[in-house]
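Student: Take a look at the letters that make up each chain.
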Amino acid sequence: MRYVEAAALADTYDVVAIGSGFGSLFFLKGFLRQRPKARVLILEWGRFNSHQWQIENQRNSDLSGETLLDNRSGKPWLFTIGVGGGTNCWWAQTPRLHPADFEMQTRYGVGKDWPISYNDLVPYYVEAEQIILVAGPDDLSSVWPGTPRYPQPPHNMTTADRLMKAAMPDRHFVVPNARLTIPVNGRSACCATANCGLCPVDAKFTAENSLDSVLSHPQVDICVSAKVERLDVEGGRLKRALFLKEGREFAAAGDLFVLGANALFSPHILLRSGIGGHGIGQYLCEKMFGLVEVKLNGLKHFDGGTATTCFNTSLLDGEHRRTRGAVTLFVENRFVYGLRTEFGRWREVLPIAFYVEDIPQATNSVALGNGDLPLLERFSYTDYAKKSIGAMLDALPDILRPLPVESIALREMLPATGHIQCTTRMGLTSADSVVDRDLVHHTLRNLVIVGSSTFPTTGSVNPSLTIAALSLRAADRLTRSTQ
Amino acid sequence: MTRFNLSRRQMMAGGLSFTALAAGGGYLTSADAQDFFTAMLQSELPGVKISDATIRAFTSDAMKGRHSTFAPKLKVLSMASRVVGYRGVTAMLARSSAYEQFRRELFTQFLLSTDFFTLHDPTGRELTYLGPTMACGNPFAQFKPA
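In order, the protein sequences belong to chains L and D. Okay, so the first sequence: first residue is 475 according to this note's numbering, each after it adds one. Okay, so the second sequence: first residue is 334 according to this note's numbering, each after it adds one.
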């Protein structure tokens with residue numbers, strides 16, 4: 475990586491990227507492939523915390539997220555500030571969104587359609603899966619059409635998964651993920667430590683272990699500890715990013731700006747800059763996230779090959795989405811609530827994690843506030859999401875019928891997923907969104923916004939792969955259109 | 334890591350009751366964290382041979398990185414277990430999901446810190462304490478398709 479001091483920036487760059495998580499780095503990956511001579515500057519608020527530093531310190535960043543917000547919402551918000559962003563802390567699940575997730579209004583009369591279809595994104599999903607080296611099964615095309623063979627073989631299922639798979643082969647699948655089954659280029663194979671946020675064996679994809687082609691590209695400068703305050707507009711175009719480093723203000727000039735500072739800070743930067751667009755900072759959304767514990771009778775669990783082994787699509791899509799959210803169930807192969815204490819029955823327990831889709835509401839927002847910090851005044855989930863939990867609990871006995879179930883209990887609803895979304899949504903016009911179908915701002919045409927802030931709706935799965943695919947697509951579309 | 338939320342009221346009630354039961358008090362107040370773990374493991378793992386040194390080492394590891402309220406609460410549990418035993422404590426706190434979670438977490442941590450699951454007969458010989466594992470600590474994980 476070539477670090478550059480704020481006082482030693484080039485006069486101007488072809489691309490100035492703000493933030494260095496999935497959104498920015500996958501955009502640059504695609505962009506530099508087409509334009510390898512372009513001069514690129516990455517402005518990153520955090521510093522580079524190596525994998526070794528993270529393991530030694532048992533945290534992903536030296537910056538504590540909660541101190542960076544004026545958070546009155548009663549809810550924690552999880553994110554990582556530093557080179558690599560969310561690639562450091564993610565759990566490395568790589569499901570795609572479901573085709574219906576892109577057409578919620580058309581199919582079910584709720585939420586908002588995306589301005590692109592699932593099929594538009596398929597080639598870029600495939601590309602992202604190849605870059606990330608996703609490990610996954612070869613039977614997922616029924617859920618996600620156009621899923622070719624993954625670059626790595628799937629992780630081993632648990633015995634409980636095998637019973638489920640045999641009973642419902644079209645609804646129970648090994649979950650694709652970015653934890654290797656075969657070691658590659660210094661990344662180890664996953665050994666089921668189940669602490670993926672801080673993977674001790676470096677098995678999961680991170681920017682550090684897999685995006686050196688961007689971070690160490692000879693045309694890329696990286697300026698760390700550079701907090702972008704606002705963007706300067708002149709004559710209908712962005713001209714420069716103004717940032718603070720060590721208490722001094724600097725400017726970085728560029729032709730194209732890529733804003734990928736996460737779904738809290740990207741809208742905050744836009745608001746501070748006086749940049750408009752429908753709903754900037756509004757529609758702040760996260761899925762609901764909970765855990766169920768299933769006690770088993772005579773069946774031993776925890777014999778899978780990775781932390782989360784399978785996902786179940788029984789509640790993923792269907793007419794129920796007219797009135798309540800999609801739910802994705804994940805079989806956890808980790809000791810979430812520990813082993814059982816009854817002698818000899820230690821392993822007869824099966825934790826299930828679940829995500830519940832929610833519909834973004836304009837009343838949940840990131841606002842300017844009075845100080846320098848993004849203000850999160852309130853947050854609530856909709857009844858659309860809440861209703862899904864009861865319905866899921868009603869459905870679980872039937873879904874789990876292949877297993878010798880002793881009891882099913884909702885153990886807890888967790889306060890955050892770390893999947894912050896929808897605050898600079900994409901859409902067809904400036905009347906209903908901030909960016910267009912190619913992630914370009916509707917009026918400032920040299921501003922690309924990347925990341926999950928651009929999602930119009932949440933779906934019910936992890937967003938990182940979709941962020942990567944959207945960025946690859948945006949880079950591809952932009953470089954083709956300006957050839 | 335679970336924070337064991339034994340309530341202030343539970344702590345005070347438990348502490349006062351057991352202190353009152355001990356006329357001299359010294360017997361109870363000399364209880365330490367290891368006593369609770371000893372009682373728990375003897376009760377949950379009947380016939381399994383566990384040395385004092387193993388429980389001492391586990392206690393030391395289990396206390397690391399805990400919230401400051403962990404040790405005092407554990408002391409109350411240790412005092413209580415001296416009077417009514419581990420089963421008595423567990424019966425008293427049967428409706429406390431925090432206590433249930435606490436003992437399962439510690440029980441799991443103990444088993445995974447020993448060679449328990451590698452023994453054909455866990456009552457056959459004394460357990461060996463291996464210590465906590467940072468990586469690859471699931472002894473049941475299978476990495477090749479069955």
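Quick caveat, the hints were computed from the structure, so don't treat them as lab data. Each residue gets a CB set at the ideal place from its N, CA and C atoms; glycine is no exception. Mixed in with the good hints there might be a few duds.
With beta-carbon atoms standing in for the labels, derived distance ranges [stated by the list, open to error]: (1) L:Gly750 x D:Pro405: 53 to 63 Å; (2) D:Pro472 x L:Gly750: 54 to 64 Å; (3) D:His400 x L:Gly748: 23 to 33 Å; (4) D:Arg399 x L:Glu703: 35 to 45 Å; (5) L:Trp527 x D:Pro405: 13 to 23 Å; (6) D:Ala404 x L:Ser904: 33 to 43 Å; (7) L:Pro627 x D:Leu463: 47 to 57 Å; (8) D:Gly418 x L:Arg546: 39 to 49 Å; (9) L:Leu847 x D:Ala390: 51 to 61 Å; (10) D:Arg420 x L:Lys774: 24 to 34 Å.
Below, in silico cross-link-like pairs of lysine-lysine (DSSO-like), each with a Cα-Cα straight-line distance of 27 Å or less [what the hints assert, rightly or not]: (11) L:Lys511 x L:Lys774; (12) L:Lys713 x L:Lys701; (13) L:Lys503 x L:Lys639; (14) D:Lys477 x L:Lys769; (15) D:Lys397 x L:Lys774; (16) D:Lys408 x D:Lys382; (17) L:Lys701 x L:Lys549; (18) L:Lys774 x D:Lys408; (19) D:Lys408 x D:Lys397; (20) L:Lys861 x L:Lys586; (21) D:Lys477 x L:Lys639; (22) L:Lys774 x L:Lys503.
Student: All hints are to be evaluated individually against the structure, with a verdict given for each.
Tutor: Cross-check of the supplied hints:
1. L:Gly750 x D:Pro405: 53 to 63 Å: holds (56 Å)
2. D:Pro472 x L:Gly750: 54 to 64 Å: For D:Pro472 and L:Gly750 the Cβ distance comes to about 57 Å; the hint holds.
3. D:His400 x L:Gly748: 23 to 33 Å: violated (45 Å)
4. D:Arg399 x L:Glu703: 35 to 45 Å: 40 Å Cβ-Cβ, so the 35 to 45 Å window holds.
5. L:Trp527 x D:Pro405: 13 to 23 Å: violated (34 Å)
6. D:Ala404 x L:Ser904: 33 to 43 Å: Violated - the Cβ-Cβ distance for D:Ala404 and L:Ser904, about 59 Å, lies outside 33 to 43 Å.
7. L:Pro627 x D:Leu463: 47 to 57 Å: violated (31 Å)
8. D:Gly418 x L:Arg546: 39 to 49 Å: Holds, since D:Gly418 and L:Arg546 (Cβ atoms, about 47 Å apart) stay within the stated range.
9. L:Leu847 x D:Ala390: 51 to 61 Å: violated (45 Å)
10. D:Arg420 x L:Lys774: 24 to 34 Å: holds (26 Å)
11. L:Lys511 x L:Lys774: Status violated; Cα separation ~56 Å.
12. L:Lys713 x L:Lys701: This hinted pair holds, its Cα atoms lying about 17 Å apart.
13. L:Lys503 x L:Lys639: Since the Cα atoms of L:Lys503 and L:Lys639 sit roughly 37 Å apart, the hinted pair is violated (cutoff 27 Å).
14. D:Lys477 x L:Lys769: holds (26 Å)
15. D:Lys397 x L:Lys774: Violated, because 30 Å separates the two Cα atoms, which is more than 27 Å.
16. D:Lys408 x D:Lys382: holds (24 Å)
17. L:Lys701 x L:Lys549: holds (24 Å)
18. L:Lys774 x D:Lys408: violated (34 Å)
19. D:Lys408 x D:Lys397: holds (15 Å)
20. L:Lys861 x L:Lys586: holds (20 Å)
21. D:Lys477 x L:Lys639: holds (17 Å)
22. L:Lys774 x L:Lys503: violated (44 Å)
Of the hints listed earlier, those the structure fails to meet are numbers 3, 5, 6, 7, 9, 11, 13, 15, 18, 22, in rising order.
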